[in-house]
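Following the hints, position chain R with the ligands against chain H.
The listed protein sequences derive, respectively, from chains H and R. Under the numbering used here, the residues of the first sequence are numbered 1 to 299, in order. Under the numbering used here, the residues of the second sequence are numbered 1 to 66, in order.
Any given hint might turn out to be false.
[Claimed, not checked] Listed below are the simulated PhoX-like cross-link pairs for lysine-lysine, each with C-alpha atoms no more than 20 angstroms apart in a straight line:
1. R:Lys22 with H:Lys8
2. H:Lys244 with R:Lys29
3. R:Lys3 with H:Lys8
4. H:Lys19 with R:Lys22
5. H:Lys274 with H:Lys291
6. H:Lys115 with H:Lys8
7. R:Lys29 with H:Lys8
8. H:Lys27 with H:Lys7
9. H:Lys19 with R:Lys29
10. H:Lys98 with H:Lys109
11. H:Lys114 with H:Lys87
12. H:Lys7 with H:Lys19
13. R:Lys40 with H:Lys7
14. H:Lys156 with H:Lys39
15. H:Lys147 with H:Lys244
16. H:Lys19 with R:Lys40
17. H:Lys147 with H:Lys274
18. H:Lys7 with R:Lys29
19. H:Lys27 with R:Lys29
Note that these hints are calculated values from the structure, not bench results.
Spelled out, the chains give:
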Amino acid sequence: MYCKCGKKAIVFRRYSGEKLCERCFNKSMIERVKKVIRKYSLIEKNDRVGVAVSGGKDSLVLLNILKKLSEKYPFDLIAVTIDEGIKGYRDKTIEIVKKNCKLLGIESKVYSFKKELGHSMDEIAKRDRKLSACSYCGVFRRYLLNKKTRELGCNKIAIGHNLDDEVQTILMNFLRGDLSRFGRTGSYYIYSNERFVPRIKPLREIPEKENVVYALSNNIEVGFSRCLYAGEAYRNNIREFLNKMELEQPTTKYSLLRSYDKIYPLIAKNLAKKVKYCEKCGEPTIGDICKTCEFLEKL
Amino acid sequence: MIKVRFLREDKEELIEYKEDLKIEDILRKFGYSSETAVVKRNGKINTEDENVEDNDDILIISVGSG
Ligand SMILES: [Zn+2]
Ligand SMILES: [Zn+2]
Chain H
1 MYCKCGKKAI VFRRYSGEKL CERCFNKSMI ERVKKVIRKY SLIEKNDRVG
51 VAVSGGKDSL VLLNILKKLS EKYPFDLIAV TIDEGIKGYR DKTIEIVKKN
101 CKLLGIESKV YSFKKELGHS MDEIAKRDRK LSACSYCGVF RRYLLNKKTR
151 ELGCNKIAIG HNLDDEVQTI LMNFLRGDLS RFGRTGSYYI YSNERFVPRI
201 KPLREIPEKE NVVYALSNNI EVGFSRCLYA GEAYRNNIRE FLNKMELEQP
251 TTKYSLLRSY DKIYPLIAKN LAKKVKYCEK CGEPTIGDIC KTCEFLEKL
Chain R
1 MIKVRFLRED KEELIEYKED LKIEDILRKF GYSSETAVVK RNGKINTEDE
51 NVEDNDDILI ISVGSG
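Chain H with its partners taken away, still in its complex shape (with noise of 0.2 angstroms):
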């Protein structure tokens, strides 16, 4: 298989039938991450845009990626880190963020849930719990991110999502009902609050193979491992349904995303709740209380 430039290829893309050699297919990702930021109005000049850096393979593409046109174009980056509390896992990959950091010579913070919450997450695991320890690390981690990257003068947080990751979760939000959750995988932010980040997604459009193909060919180095706690068993279902579906139909997960994208601004207007703040911690909320504030109590 070759690629139309005359080398071998490396990448077949069956959902457009392009063959990509490592260097047209390097390129490409860089042109289809700016695209994305483009079309959505991303990263505007003189942004500074915290990273979310997890030390997987996603958000280090992201990040390389970023390093790149931030040599181009006038924006500002730092990666910020939260440390759950994982061992065996996120002490692991906390060593790989800071080796790429500097490396790409930005610079890295990082956040522990036990400095700034008083809990771990091998703790919170080991508690008698109602919800799965994922849901306490999705929301403090979500917190932590808004919180940090605010006090650092960022105003926007750029994350890893790849095509797979919104996919599933706007399949999962459709298969649940959870139309509340549906604000969350739009390919541009609808809450504003001063205290509130917007959250950018510039791989949302990047199969997640594609992300590891990125990491392989530049020699990123990233986390592998997974995590201790990763139950998440509703997901596991979805992703593969439609990795079964891709492979019958190759542009499924494309046609899902493009669906959700033209009903996304119809929509957008009505979800976006009004945001009050939290009368214990003074974060961004829907409620009259965090969510974050709301486990803290039932810890």
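Relative to chain H, chain R with the ligands alone:
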């Protein structure tokens, strides 16, 4: 024989070489597909349609999450 290694699972298996054996056949044998894994053949990223040769070293990188 063909050596098949799995990056994330940290394991290794040997399989018999057959004529016309493709990378996608090996993926299928171990429960993967072109959607769920990237393959390096003798250290280089490869598309799944390619034939393997005897004594090849195949590395399967499961795409997974994270
Ligand atoms: Zn090419
Ligand atoms: Zn609060």
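20 angstroms limit on alpha-carbon distance, applied to hinted pair H:Lys7 and H:Lys19
holds, 10 angstroms
Would you mind confirming whether the straight-line C-alpha gap from H:Lys27 to R:Lys29 stays at or under 20 angstroms?
Measuring from Cα to Cα gives roughly 33 angstroms; hence the hint is violated.
Does H:Lys87 sit within 20 angstroms of H:Lys114, going by the straight-line distance between their CA atoms?
holds, 12 angstroms
Can you confirm whether the C-alpha distance between H:Lys19 and R:Lys40 stays at or below 20 angstroms?
Given pair H:Lys19, R:Lys40 holds - Cα atoms ~17 angstroms apart, limit 20 angstroms.
Taking 20 angstroms as the top limit, are the C-alpha atoms of H:Lys19 and R:Lys22 close enough?
holds, 18 angstroms
Do the alpha carbons of R:Lys22 and H:Lys8 lie within 20 angstroms of each other, as the hint requires?
Answer holds: R:Lys22 to H:Lys8 is near 16 angstroms, not above 20 angstroms.
Sort out whether R:Lys29 lies within 20 angstroms of H:Lys7, counting only the CA atoms.
Distance of about 29 angstroms is beyond 20 angstroms: violated.
Pair hint H:Lys19 and R:Lys29, alpha-carbon separation not exceeding 20 angstroms:
violated, 25 angstroms
Take the C-alpha atoms of H:Lys156 and H:Lys39, compute the straight-line distance between them, and say whether it is at most 20 angstroms.
Measuring from Cα to Cα gives roughly 16 angstroms; hence the hint holds.
For a C-alpha distance cap of 20 angstroms, please report whether H:Lys27 and H:Lys7 respect it.
Satisfied, since the Cα-Cα distance of roughly 14 angstroms is no more than 20 angstroms.
Checking one constraint from the list: CA of H:Lys147 to CA of H:Lys244, max 20 angstroms. Satisfied?
Given pair H:Lys147, H:Lys244 is violated - Cα atoms ~39 angstroms apart, limit 20 angstroms.
Quickly compare the C-alpha distance for R:Lys3 and H:Lys8 to 20 angstroms and report which way the hint goes.
Violated. R:Lys3 to H:Lys8 sits at ~23 angstroms, over the 20 angstroms cutoff.
Violated hints, in rising order: 3, 6, 7, 9, 15, 18, 19; the structure is consistent with all others.
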